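Keeping the supplied structure of chain Z fixed, place chain F upon it in accordance with the hints.
Here is how the chains run, residue by residue.
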Amino acid sequence: MKRILLSLLLISSLLFAFACERKGGPGAGGQTGPILVGYYGDLTGRTSNFGQSTKRGVEMAADEINKAGGINGRQITILSEDDEGRPEKAATVVTKLINQDRVVALLGEVASGNTLAAAPKAQAANVPMISPSSTNPAVTQVGDYISRVCFIDPFQGDVMAKFAFNTLHAKTAAIMLDFNAPYSRGLTEFFEASFKKLGGTIVDKQSYTQGDRDYKGQLTKIRSLNPDVIYVPGYYGEVGVISKQAKQLNIKAPMLGGDGWDSTQLWDLGGDSLNGDYISNHYSVDDPSPAIQKFVADYKARNGEVPDALAALGYDAMRVLADAITRAGTTEGPKLKDAINATKDFVGVTGTISLDKDRNAVKPAVVLKLQDKKYIYQETIYPEGMTAPTAPAAVSPASAGPAAAPASSPPKPGAAASPAKAATTPAKSEQPMPSPK
Amino acid sequence: MDTFVQQLINGLTIGAIYALIALGYTMVYGILRLINFAHGDIYMVGAFVGYFLAFQLGFATGPSLLGLSVVLVASMIAAALVGMAIERFVYRPLRKYARMTTLIAAIGVSLLIENVFVAKLGAAPRAFPQLLSEKSFTLFGNAAISKSQILIFAVSVALMMLLQWVIFKTKVGTAMRAVSFNLNSAKLMGINTDFIISFTFALGSALAAAGGVLTAQYNPQIDPLMGILTGLKAFVAAVLGGIGNIPGAVLGGLLIGIAETFVVGYGQNVGIPSTFRDAVAFAILILVLLVRPAGLLGSTVQEKV
Chain Z
1 MKRILLSLLL ISSLLFAFAC ERKGGPGAGG QTGPILVGYY GDLTGRTSNF
51 GQSTKRGVEM AADEINKAGG INGRQITILS EDDEGRPEKA ATVVTKLINQ
101 DRVVALLGEV ASGNTLAAAP KAQAANVPMI SPSSTNPAVT QVGDYISRVC
151 FIDPFQGDVM AKFAFNTLHA KTAAIMLDFN APYSRGLTEF FEASFKKLGG
201 TIVDKQSYTQ GDRDYKGQLT KIRSLNPDVI YVPGYYGEVG VISKQAKQLN
251 IKAPMLGGDG WDSTQLWDLG GDSLNGDYIS NHYSVDDPSP AIQKFVADYK
301 ARNGEVPDAL AALGYDAMRV LADAITRAGT TEGPKLKDAI NATKDFVGVT
351 GTISLDKDRN AVKPAVVLKL QDKKYIYQET IYPEGMTAPT APAAVSPASA
401 GPAAAPASSP PKPGAAASPA KAATTPAKSE QPMPSPK
Chain F
1001 MDTFVQQLIN GLTIGAIYAL IALGYTMVYG ILRLINFAHG DIYMVGAFVG
1051 YFLAFQLGFA TGPSLLGLSV VLVASMIAAA LVGMAIERFV YRPLRKYARM
1101 TTLIAAIGVS LLIENVFVAK LGAAPRAFPQ LLSEKSFTLF GNAAISKSQI
1151 LIFAVSVALM MLLQWVIFKT KVGTAMRAVS FNLNSAKLMG INTDFIISFT
1201 FALGSALAAA GGVLTAQYNP QIDPLMGILT GLKAFVAAVL GGIGNIPGAV
1251 LGGLLIGIAE TFVVGYGQNV GIPSTFRDAV AFAILILVLL VRPAGLLGST
1301 VQEKV
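Which chain is which? The protein sequence lines are Z and F, in order. Using our numbering, the letters of the first sequence correspond one by one to residues 1 to 437. Using our numbering, the letters of the second sequence correspond one by one to residues 1001 to 1305.
Bound conformation, chain Z alone (with noise of 0.2 Å):
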């Protein structure tokens, strides 16, 4: 009797909260009261640096915008969900925001894979989508109400193989890739190809799993045909790691990565191990132009650290969106998504945004060293057909790369006569950048 009377009360306990998930309601998209607008991200899995740092650029954003009138006389509401890093929970979150939460528009993810789960589903419901951070190529491709704020791998790939060829004078590379991340697999394509164009040549290509613990029978394969430099696309998490070990093996190569490395726990887990490497990245904390150092004191005021280059391109998203919502007087779908792509010389922390015909983004890349702890910044390399540092001349579509974005268009005619390669200016200063804590 005890036990059938347990198993009741387990039973309507469970009843009870299926009651209670059920709240909210339609209306809340219309177009009085606050605007929705949804965020999702990795809050608590394997790459939880990337999704908190985006969210509190978000939410500093939206405060800054709120606290300014709003849009229209309308505030911002900003609702979370965290996505625990997985494809598979992305885009049941995102169905829970559009069908349950009634957002007008959603901001995320940062890994590409969760991204391109989540993204058929805002498509399909007909709610624009910004991503910060997704750097793969195919995730604009699912569909127009898809965008980005940042630059893609073509283009990030292009950079590296450009930086390490021509500044670093390697002429052999080897790679090491994240063998299950869409953003791994695009960035090891474009090295490569771009890498081989230039005549350089890559030695060895070697995977691995995110969750991995041991990386050295790779690196060993790697130390014994003895590159210039080694490729790393991955994620912080692993990165740190493997790094380590190479210096264990006492591997002397560089280690070359993207801006999946850019996290303070990437030194926690590296430590000194990654002096002497180098990174591809979004902008710079040491850039002194005055929007940026505006960002970077607010950001540090705000969360006590240096704002990463995830937290500025949440920041970035989410005012661009905002931007968007003014110029279309509306938050219906078709409209604010008509707005959104139309997006031009829009100056952001992350450098001037305008969106070309495939939702990208089309804004150089800046190479940083890591040093103690420090991003010491390297050179800015524009993609082709961008050259001048001053002018906004974004107008012309990224065509970075061999293997270039689908469909580039060519450049517009002002812009069409500098040179094809991708301008470089070299650095100039190595002021150190505040260590983030």
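Note that these hints are calculated values from the structure, not bench results. One should not assume that every hint holds.
What the hints assert, rightly or not - Each computed SDA-like pair below joins lysine to any residue, with the alpha-carbon atoms no more than 20 Å apart:
id, chain 1, residue 1, chain 2, residue 2
1, F, Lys1135, Z, Lys196
2, Z, Lys373, F, Ala1060
3, Z, Lys205, F, Arg1099
4, Z, Lys205, F, Gly1267
5, F, Lys1120, F, Gly1108
These numbers were taken from a predicted model, which means no experiment stands behind them.
Just chain F, lined up with the frame of chain Z:
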């Protein structure tokens, strides 16, 4: 040649960890005929106890041998207590039921531990503080061995010798062997079997925790789910060596570690991609079960404990 030696060192390092964990599987099986699936999670618990202790006791600031020893011993003790608690509160009440009941309960305990940790601490990997200075020694040619690898070898060999001594030279060890031979007869001889079983769980859990702290020095990334795959592979190692057989567990662990590393290092030459490293352990499991179900050392010797 030095690449081969290097790969061998790499393989033996992870193999030693598998061996430490496999010992716990094999000892419990020897005594209770139970596959304790929560054992992999004890390894994780050990790593986390070490993590929090290192911060609490102020050892996280820099490398110190004292800190490492304290953290290692303390987390072994803590894990032993956890192992004993699991036995006392889950397995002992179920011992009178069919063996399958206990096995399913073990899976339940495993999932419970993992999810409590995820719920309390989050699934995000944490960086284990460096308790050992970063240094490598060159053996010959190009082959390098890092301090953390030496530590893994030294500690695991010491622990295995200690275990051998406990089992064959002490009174409690004799009792363990008696219980593994026949639980009921041992009880009739006046052996406190409940205590012996508890002691076995404590020993196994302490070894797994040592494995957890040692791996964390080698690869500082720890997360609540780290015990799943490592635990399964250690289980395969125990089966490979002959479950219930102590030298077999060590041999199995080392073989699995070497097999895994060689798949990564040389698999590409014969068309096996390096991402197949995890598949190899389980392919070995299937092969062993088909060809020699008793395992490599597990046929007539039968010195189960």
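Structure-based check of each hint:
Proximity of Lys1135/F to Lys196/Z is assessed by CA-CA distance (about 35 Å); at most 20 Å being required, the pair is judged violated. Between Lys373/Z and Ala1060/F the CA atoms are separated by roughly 17 Å; this keeps the pair inside 20 Å, and the hint holds. For a cut-off of 20 Å, the pair hint linking Lys205/Z to Arg1099/F is broken: about 48 Å separates their Cα positions. The straight-line distance between the Cα atoms of Lys205/Z and Gly1267/F is roughly 13 Å, inside the 20 Å bound, and the hint therefore holds.
The hinted pair formed by Lys1120/F and Gly1108/F meets the criterion: a straight-line CA distance of about 18 Å does not exceed 20 Å.
Comparing the model with each numbered hint stated earlier shows that hints 1, 3 do not hold.
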